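K.L.:
Sequence:
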Amino acid sequence: MSSAVLTRTHLDWLESEAIHILREVAAECARPVLLFSGGKDSCVLLRLAEKAFRPGRFPFPLMHIDTGHNFPEVIAFRDQRAAELGEELIVRSVEDSIARGTVVLRHASDSRNAAQATTLLESIAEFGFDACIGGARRDEEKARAKERICSFRDEFGQWDPKAQRPELWNLYNTRVHPGENIRVFPISNWTELDVWQYIEREGLDLPSIYYTHEREVVRRNGLLVPITPLTPPREGEHTEHLSVRFRTVGDVSCTCPVASTAATPADIIAETAVTTITERGATRMDDQTSEASMERRKKQGYF
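Numbering-wise (the numbering used here), the sequence shown opens with residue -13 and increments by one.
Calculated from the structure, these hints are not laboratory results. Since the model is a prediction, treat every value here as computed from it, not as a measurement. A couple of the hints might just be wrong.
[To be verified] Restraint ranges, calculated between C-beta atoms of paired labels, are given here:
1. Asp146 to Asp191: 14 to 24 Å
2. Gly87 to Thr250: 45 to 55 Å
3. Glu186 to Glu14: 30 to 40 Å
4. Ala249 to Ala69: 38 to 48 Å
C-beta: ideal position from N, C-alpha, C; glycine also.
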């Protein structure tokens, strides 16, 4: 065995697998797109795409399904990063789906996280995308753990966990009929710890809210709920100013920070190595309604 193979780290192997998947999708699919929100996992995907395709341009555009309830730091970072790369960024908004009447919310302040599925399916139909590349990982949540790397969606955009294709070795089936599509997850086998180790190794920039900062919060159902116009304190709740950071970023109405003084990737790696709660379990209010919340959303077309 060569010394080069012996000196490769686990991050090198994960990176190689992800680059192989990206190249396979680019070669096999007619119209792929990379979902880029500005979050840490999609930032890792961008670096992997750079390594897979530079010095040429990406063989797919970037796309973000904007809920209209995103943290402003993340949206600013999203636009800045796409501009730095010089790649096409398509933005489609849940607000537009609401205006069309295809998304109906009970209240204006409701979480729009699940509503992204409708806007995503509309965008897939608009552009004829046959593969959507995303940053989901199997360690995030129970429904995510059921996903294949190339996850088939039928002509209605629905996911059936019992009707997924076998993936033997590194062989991926990307064939779809018109109207069908696949969701591709190149970092499926990564963990949250792997992602942060890669961020540190590659020196990747991230939105500032991933690192410690002062924020007004209330304690609710075991979570630290940020005080915002969308998530005001309820009667009788006591607000606190705490040092926090976000482990994941999403719709403001359902995403919570965790108490932390971690200011660097190395600090976060140390925290992540000893945590016993997944990032979604520690931060997402919409996943606490039931253990099947994510699976229901995915069957309806969610990421």
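K.L.:
With reference to the structure, classify each hint as holding or not holding.
P.N.:
For each hint, the structure was consulted:
Taken as a hint, the range 14 to 24 Å is violated for the pair Asp146 and Asp191, whose Cβ atoms sit roughly 38 Å apart. For the hinted restraint 45 to 55 Å between Gly87 and Thr250, the CB-CB distance of approximately 46 Å keeps it satisfied. At roughly 33 Å, the beta carbons of Glu186 and Glu14 sit within the given window of 30 to 40 Å. For Ala249 and Ala69, the Cβ-Cβ distance of about 26 Å falls outside the hinted range of 38 to 48 Å, so the restraint is violated.
Taken one by one, the earlier hints fail for this structure at numbers 1 and 4, listed in ascending order.
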